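**Student:** Those sequence lines, one after another, are chains A and B. Mapping of the first sequence onto the working numbering: residues 33 to 481, in sequence order. Mapping of the second sequence onto the working numbering: residues 33 to 481, in sequence order.
If you are wondering where the hints come from, they were derived from the structure by calculation, not from laboratory data. Bear in mind the structure is a predicted one, so any value in this text is a computation, not a measurement. Just so you know, not all the hints are guaranteed correct.
You can't tell identical chains apart in this list, so a pair holds if it fits in one copy or across any two.
Unchecked claim - Taking lysine-lysine pairs in the DSS-like style, the calculated list, with each CA pair at most 27 Å apart, reads:
id	residue 1	residue 2
1	Lys165	Lys176
2	Lys176	Lys321
3	Lys321	Lys268
This is what each chain is made of:
There are 2 protein chains.
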Amino acid sequence: MDKPFLQVARPEDVQGLLRRFGSLEREDISIADAAFRVVAESVRAEEDIPGFDRSTMDGFAVHASDTFGATESAPALLEVAGEVVMGELPGFELVQGTALRIWTGGALPAGSDAVVMVEQTQELDRRTVEVFKAVAPFENVVRKGEDFQAGEILLRAGHRLRPQDLGLLAAMGRQSIEVYRKPSVAIISSGDEIVPIDQTPPPGCMRDVNRYTLSAMVQEARAQPVWIGIAGDSLKLVSSLIAQGLQAADTVVISGGSSMGSRDLVIEALAGFDDSEILVHGVSISPGKPLILARVGSQAVFGLPGHPISAMVCFEHFVVPLLRGLEGEDALRPFRRTTIHAFLSRNVPSREGRTDYVRVRLESAGDRIVAVPLFGKSGMISSMVRAHGFVRIDADCEGLYRGDQVTVHLFSDWTGDRLEKEHLSGHEAAGGGAGDLFETPQQELLSRV
Amino acid sequence: MDKPFLQVARPEDVQGLLRRFGSLEREDISIADAAFRVVAESVRAEEDIPGFDRSTMDGFAVHASDTFGATESAPALLEVAGEVVMGELPGFELVQGTALRIWTGGALPAGSDAVVMVEQTQELDRRTVEVFKAVAPFENVVRKGEDFQAGEILLRAGHRLRPQDLGLLAAMGRQSIEVYRKPSVAIISSGDEIVPIDQTPPPGCMRDVNRYTLSAMVQEARAQPVWIGIAGDSLKLVSSLIAQGLQAADTVVISGGSSMGSRDLVIEALAGFDDSEILVHGVSISPGKPLILARVGSQAVFGLPGHPISAMVCFEHFVVPLLRGLEGEDALRPFRRTTIHAFLSRNVPSREGRTDYVRVRLESAGDRIVAVPLFGKSGMISSMVRAHGFVRIDADCEGLYRGDQVTVHLFSDWTGDRLEKEHLSGHEAAGGGAGDLFETPQQELLSRV
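The task is simple: from the sequences and hints, build the whole structure.
**Tutor:** Written out as structure tokens, the structure is:
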């Protein structure tokens, strides 16, 4: 019953290993479905945007030179030659000394090279307008090709599409786009003590938590969860469900094996597949140390600890980076979390050589936000539910002290409760950072150097 | 052609007005579908979790008192009475002087009150084990009800469900949960100059950008976009499409009316509905000033500026808060964005009394991250595409200076490119904040006070 020797890897080395799994195939999809997908092709502008000189104001299209020297007391007097119809290119050339009514977004007529804002004018009658301020050539105008020029690279392969990127593709008339396929993740829970949630666990058993936490994390990582099942502690069952998972999805995550015996079972099952290789067995983070990473054929299989918290920490730091790589991104790391600054309520010891993720609950203390470490035993889900986020203690740090100002990585992009209302000013005063966009004056300005 | 007087509202007042739209009805859904939904009921623990004293280690269940005084040189000698079977409650009481092999997650037998880690033991033979270290009562044990006790409130109504919250519901055996219905948003583009993306815009026209940017933003806000169509600049068309939108979705967003004439058309159409009210016409932010907010019956209708950038800024600051409120959250504000600290590359003037959102591109400069303001005219999509995020300049601030350290609110929770690799240390050195979780030593520790 000796513990097997774990070849404990550094987290950055595990992330480095993920690169060998490459990326998934490409597919062409409608831009209406492409939000937050990763482009597989570099996209170049096929035409100038805008395709014509366009007004950015309501006012009058003019020859700029006709307004030179115009002031309140000595306005320029121009003849109004008509009005630009929205959605049409004016069919005539604006002659010197005349002006054309124009709306925001309207096309400038040939000859004109600037727009005078309506606020700088007064119409004397339907045919005559006074201009009180000179405009420079191309003032209040977006010139043809000023937004994008034909041939310019707009988006590079490997870029995950944000809303504005889709707007850009729309502006270029791109109806479809080549993206990497969205990865799918087979989820397996294991352990004789795990029962489905619709069963009342017999004494000594517990309901399957990881199926639900990990499925939600797969969705959060913009991938597709595929539920396989619960494997009892037998080599045959574990092997069979992993094989099903490899068929059903791009990668497999089996949690459980929280006890040494069932960990060994996962290792034994993985080693039993043709062309398989155990890449990692143990990583220097806490919680999450007993991570298993294997290659079966070209696919990655993760053995996560059975403890829900350890499983979540491993998922974020190793499975999410794999998913980003499979989807064609360069960055093999977790997505960024929103952060908040807070002061530690007590000392937190740590062991050198190990990266610790300490769950904290944020609380009010006068005008400060205090981070209270939650030292729930790792089998307990409550400390994750009660926590707002985590504080990371790096491998080369022996611990943090009471009163230290720390960055808390939030579990969500909302806190949505009293904390958000009461303490954002405290938080910002404590050193800047993320926060509500309206309630805190001067929050953006942290220091002048 | 005078500009109509805008009753310009403060952004916080507009957000305050949103509260009157209340929340949507409730529905019962499977917890497998409930990730990131908002709970409509407070959830109490119906039973103790765990339901039995559970080991957190592989080792031996013992009477703690049998180990008192045990050391390396004077180990306690215990008789091994057998092994705990995973998923079963041991059927006998552990008598003093004996120990039972147990695995992580296993149930302690009656009589035993602690677990000795396997590393602290040596088996002399199958029947005898030496214990080298004393354990305190309940050491390495999660006690019955220690995670959650029956009757305890676990989740409050209005809480948006994170992965761990679903795990908690699973642990409690909850198969379904009452949540607020997910809001839907009808999207309309307007303007005679707007054509669908599958058409080549005639001279003076442009393709519909806002349909795609706003649909993606609706999805990002965890709501459901419903595309209605493009309305030309006629009162009848605008009214008819808004009416369709009110039928099809919980709220309506009509963009366009970038020119004064079409803004007036939206106002006129909204005023023409029975039981309607214009609540806001103009807000003191830039870009985004010409925002319209109206009530039609019990529904909110937003008139967003036609400029893609202005439309996006308005959507984030006013439509997203409405959607959060409709879904039962208390916080009527945007979701938090991830942030990064950077130094401004140049002065940025601002007008007092107006909140400015300045788009910035992040660039490398030695060991620092520099935020370069992009002053694209607001009709241009390129400045949004080229930007990584925005810097906010508060209403009571007259501007920021070159070299000021500012918080950049990122457009995404990834940057995914060289910036992420090259500059995280620079960023952290510049004052802490969000960042990669592995590459920067000591990033969490900002200051000691």
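**Student:** Can you give me the call for Lys321 and Lys268, within, between, both or neither, at a CA distance of at most 27 Å?
**Tutor:** within (26 Å within a copy, 65 Å between copies)
**Student:** At 27 Å max between alpha carbons, let me know whether Lys176 reaches Lys321 within a copy, between copies, both or neither.
**Tutor:** For Lys176 and Lys321, the Cα distance is within 27 Å only across copies (25 Å; inside one copy 58 Å).
**Student:** One pair to classify: Lys165 and Lys176, alpha carbons no more than 27 Å apart. Within, between, both, or neither?
**Tutor:** within (25 Å within a copy, 80 Å between copies)
In terms of the numbered hints stated before, the structure departs from none.
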